[in-house]
Amino acid sequence: MSLLRHALPLAFALLGALPAQAQKLSYLGQQIVPSSAQFRGVPLGGLSSIDRVPASGHYLAISDDRSAHAPARFYEFALDLTQFRRSADPGHAGVRWIAMTTLQDNNGQPFAHNAVDPESLRLDAKRQLLYWANEGQRSNAGMQNPTLRRAHLDGRPAGEFAVPAYFNPTGSVGGLAEGDTGVHNNLAFESVALTPDGRTLWTMSENGLAQDSLPATVNHGSRARMLSFDIDSGKPGAEYVYDVGPVPFAPTRAGDFATNGVPEMLALSATEFIVIERAYAVGAQTPGVAALNGKTTSNTIRLYRVDTRGATDVSGWPSIQGRDVVPVSRTLLLDLSTLSHDDGSTLALDNIEGITFGPLHQGKRTLILLSDNNFNAAQFTQFIALTMD
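Sequential numbering from 4 applies to the sequence shown in this note's numbering.
Note that these hints are calculated values from the structure, not bench results.
As the structure is a computational prediction, the values presented were derived from the model and not from experiment.
We treat Cβ as the ideally placed atom computed from N, Cα and C, and that holds for glycine.
Wrong hints could be hidden among the right ones.
Just the calculated beta-carbon pair ranges, DEER-fashion [unchecked claim]:
(1) Asp83 with Ser236: 36 to 46 Å
(2) Arg130 with Arg326: 35 to 45 Å
(3) Ala273 with Asp338: 24 to 34 Å
Throw the hints in and build the complete structure from the sequences for me.
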């Protein structure tokens, strides 16, 4: 990654905490990369996070490809916000792909197929390190512990953080039997946040642990856990409960797949975050129609402002069942289904899983969101730019 070798310390003055009052987020525009796109002969897809490189203004995104299409990897790319359009069919002229870097296992080799599930990545420009989350799994293919890892900028391993054992999946594959513990399948570590002071790393389970709560449904939410780590020692620190909301739309047929969870968060300060809640329900008639196929996407995306102050520190608690717990505060910032294009049509949302600060645009700060197309021809890689007033 030639352009990353010259990365400077994070520009925290630019990326400092938002004021305590509510922020107005406005829709600047979007770019859509078709799922047929490739880079260096490899399908461009599964992009599950986004982070900005302060020195170059470029961006990084990890792919959640489990070394199926190519070895586990992350990308470097550039975005030109002047090319973003408030249109259902904006093109992708503002997206330029620059580099692709393979992540390496502890033996310095590319990860084998299904050996890892990369889901989020953050750059620590001060230490010249990357932090990335491996979601783990709880399935018939086997149990795999969720992990939070360090890597050098060229993808070489640089150690792991000490995730408490009660996050590790044990018991039944379904995770619903008595005595089951740990993360539910596909509802584990999808997020990584680095605090502006550079001292603390955070991740969150997408839904609750098996011993804490059921996964979210249309009828109820789920009690996810936010977990912090001291970056220098790698040891876990404070841990809080985040109450994920119920699935906002029911699937067309009762019993079909529906989910709501946290795929990413962005640190505003040592205690404040923007959290994405991403919901999907099979066949749900959500607002907006995708230009790709003229259909709704069945996704809803909401941004919440979260504050850990006053919440119960549950670090070291194997279970929260039956215990008095004050969760982190959670305030809706924006329901992206309320955004419209210049022609009045509603913004159709794909599977948004990434968020980062962007550059200043006409004197205003920006947020950039990114979707994971799941390597599905019926989906798309979507970049959305928001301005903050």
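Violated hints - listed by number, lowest first
The structure conflicts with no hint, since it agrees with every one listed earlier.
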